[in-house]
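Engineer: The residues making up each chain are set out below.
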Amino acid sequence: MLTERTFKRDWCGMLKENISLSQLLTLLINFLLGSAIVVGVGGDAKKDAWIAIAAAIMIGFGIMLFYYFLISRVPGQNFFEIMEFGFKRPIAIIFSITYVVYFLYLACRVVRDFGELIASAILPSTPIEIISLTICLLMAYILYLGLEVLGRTSEIFTPYLFGFLFLLTILLFASGNANLYEIKPVLGDGLKPVLNALFPTLIVFPFGELIAFTLILPVVTNFKYCLRVSMLGVGIAGSLLLFAMFLMIVTLGADALQRSNFPMLSSAREVSIGNFIERIDALVVFIMMLGILVKGSVFMFAGLKGLEYTFRLPYRYFSLPVAMIVSSFSILISVNFGDHWQEGLEIVPYFLHLPLQFGLPSLLLITVLWKRRKKKAKPGVKGMKF
Amino acid sequence: MRKHGVMFAAFLTAILLSGCWDQRELGEITVVTGMAVDKGEDDKYTLTVEGINATELNNRTASGNAPSIVYSAEGNSLAELTYRVNEGISRHLIYSHMRTLIIGEELAKEGIIDFIDFLERNREIRDDFNILIARGGKGSDVLKVTYQFQKSTSLKLHTQLDTMMKDWGGDPGVRMNDVITAWTAPGRQPVMAAVSIKGDPEAGPSAENMMKVTPDALVILDSLAIFKGDKLEGFLTLEDSRNYLWIQNKINKTSITVKCSESQYMGLRVYDTRTKIKGKLENGKAKINIKIRAEAYIDGTHCNDQFDKAKTYKESGETAQKQINEMVTKTIEKVQEEYGTDIFGFGEVVMRQDYQNFKKVKKSWDEKFAEADINVDTTLIIRRTGIRTKSFLNEVK
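Residue numbers (the UniProt record's numbering), protein chains in the order written: chain A, 1 to 386; chain B, 1 to 397.
Excised from the complex, chain B in its bound form:
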């Protein structure tokens, strides 16, 4: 009886513990790190995926071959295409570690809203990848370019954009959910970072490209793509992109150059900055107040300022404040005049602070945004000046 009991238990264990239909061995999968979606020639989309070759990413096992395989397939729905790409790639593809999604400019101009649903719905794909526009080209070309350190472009861009955002702020740091929220919630339009290929796109997809000091093709962060609804509307410069982040209170650290006298400049490293926005509608006109507070230290100067006097700190700070005000206002005005799409989310601010009035203009908010009164007010405090007070420039013979 006891024997039977043990056998029964073993049988049950075998059934209950092994019942996983979803297991995949590491040897049977290829991890997808990047995905590019372009306009298809005959069908709606061309999907390009980059499957990583893990041995090439490890310094010890790398032998200098191509770090990844890139394959494209054309069809009308991404959901099908993600499996169809197996017509060229041998192993089962795992999408949960995707790092970048690159969208071709042509497709972005026509509207990209349809295929994002697949990305949101799919259980494997998470909301932790960068979402980028390939400016002036195809997403697939960007994906093919190799790079020295992270080897594949998707991995490179993921690291690069993070670094850029932390140190200076050129990447808006948007993820898929931010884009979707911008589409669905009133009072905001989406933005994305835009990248482009510097050099010869034809030379990108080869291992030789990784071996050069100045690669023949290099993917660079180019600008900020701004949208109206799901359609690409235009591009802003990286400077604007930084200012955009500043308004969003997403800046970690940044550097600004302040003019201190004729053709002489002062570099300021800004840290610990906060932005508060107040917005309301007065007689149908939107009034937005942006308050920026920042701390900074002098990171290099051409002027003969006496940095051992408190007064100098204050004066330099005031100059910098003025410049930041101008800079930020200019960015906003540019968007207001040229595009009239509220990428800054001022509508959201008004909605939160003045909901009853906002409800009336909900549908036509972008028009209200275009003629809104914007007031930027910066307080910048210079705290210290590196490890020197006076500049040696003063004492040069």
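If we strip away everything but chain A, and leave its shape as in the complex, we get:
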């Protein structure tokens, strides 16, 4: 049933959407886990990867704060609208298109990560195109129904995520595959490997990618608590990542961890209790699939919002075509796994993530602050509460 609330329309006939705080929280958690838990992050630091992640969480808080600060300067406006506020519409459109391409490219990467996982570990004879197509169709459908549906989907499935992760932990320890001594020696080679893993890979992936939430935060019903909830989300997701990494190190050992394409899956394969409880890969694939679905959808939503801003048409109209573009380009972005891997580690962080996650938003923030300062000087405009 469509209620009165969902039919509220704003300036160009678009539906006004709202998501609740708990939905925001689950979206954040799944988004951050998303592909990070599939491919494993911070592996460069070997045994100390968990320390690198712990440090990254701290920086993640800072990043979230930065984006929140940016959004809260102009209440109720999303990232693209703030760009219009900061620059002029023509310039904002140019930047928006850049961001649309960026977000959709990231959605492609996320879908490709998932496709590679399924194609190399679960269904080798199924064409990766089909896997990509099916998950993109699902995303298209979810986004056609709107952000609220995405929020509810992630809200419903998140308890399973926790349940399965908990179960996996119990099973790994129960089957005796988790050896806590693997974690030693802590910081044996000093801080250097940790810092190498941290900058810039861990900062931009997954925490820097929170920039997509600059389009979701403005539609949260209770904006007052938004910051607290976002911080909580980053904290929980970060801790889960940290815990997952810890689990992978103690099960696989640092060497096997580095060799694994999908370390989480490899550690789940280790579980074998009494020749009876084994082959529980499905649990892990569920965790990954949920993360990928949410992360892919959020990126796609961010891209759609950019199109909405540019063309002044409701973003739902674009959802199916854009999903199909993402589906095809998830295949076309790289010829093989090595290509995909190398691109993600050596090119994307420097040429895409850093300028678009921090460079441009910083510029925007400075402009917005400058403009607001000028406005504040005039009487009658209330100052923004932070």
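Everything hinted at is true.
Within a straight-line C-alpha distance of at most 30 angstroms, the following computed DSS-like cross-link-like pairs (lysine-lysine) qualify: (1) K280(B) <-> K192(A); (2) K276(B) <-> K46(A); (3) K250(B) <-> K184(A).
If you anchor each label on the Cβ, the simulated ranges turn out as follows: (4) D22(B) <-> L187(A): 38 to 46 angstroms; (5) K280(B) <-> I122(A): 43 to 51 angstroms; (6) L360(A) <-> Y355(B): 40 to 48 angstroms.
These are computed hints drawn from the structure, not numbers from a lab. None of these values were measured; they are calculated from a predicted model. Glycine included, every Cβ here is placed at the ideal spot set by N, Cα and C.
Chain A is already provided as a structure; the job is to place chain B on it using the hints.
Structural biologist: Okay, now just chain B, sitting in the frame of chain A:
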């Protein structure tokens, strides 16, 4: 319109739900339970696989035929050979339920590191199979021997080694990942259990072999194969294999025989045992301290001990402690002197506890191991004596 909607939904369902290219019906597959890799005659490897005949394993449907089919193919990469064996076997082979991997001695002496990559990389093969060396023969011969209970050798060995490890500890309990970790991580060399054929290998591959009380050919757990890098270095006895497990803190239960007086012995069932190792490098010399703590009960004695007195328990315990110390030290010394390869993972211990010093000797750890000071200290507590206190031997007329 509604009709079209339903048809469209049905069409989509048909496409989306049936889209599994990887399905295999049970009738189209043969499950591989064992794999043997030997040195090939012309090419690098000979791969032998054992495909199970499921009807013969079920008591109700078995008709006394051969329980499995064993076929060999020769080539340079296992990855290709696993499919090439279909030149002799009709159905699609499923490797995910593999129970044992047997490596021929000749191949193991030359180095086995190459083909393990395939096993680690392949998505079907899991890390839950026993990895064994066929001592003094070919892996393929071991795979062919039949057996009464589990019928095929690979299944038999899997059960047997498990039992052995739980009850006495002769199987080191290594899996593929342990071997790979031993190769890659500094401070440890791999070991594997070794099996051999007792009797006539020629008589192994027949259903008649299963029907005899004393089979003509029987695969037995023989010894512990130890490696230096990826090359087979030598074999240790089963006794050493048990001591090895003890050092690894992997012993569940075991039995030891303690000499209590001249040609009289006492059987001790050891349970609940823990081993802690401390290691460090002092002036370039490794110092390893092994602390074993164990509980035991008397499981038979030839001596006239008064087991209703606490003092007797203590004395017997001390004798046993001394013997365990000697036993374990002897095993370590043997490996130090004869092979100089750190199968016990003392290097790992030193690495974890004294990383800064270990870094300097990382490359030449095995030499450090060969001249390391080893100190074994056992605490054994005898808790009870079965359901008798004094032995009747005392009161025999």
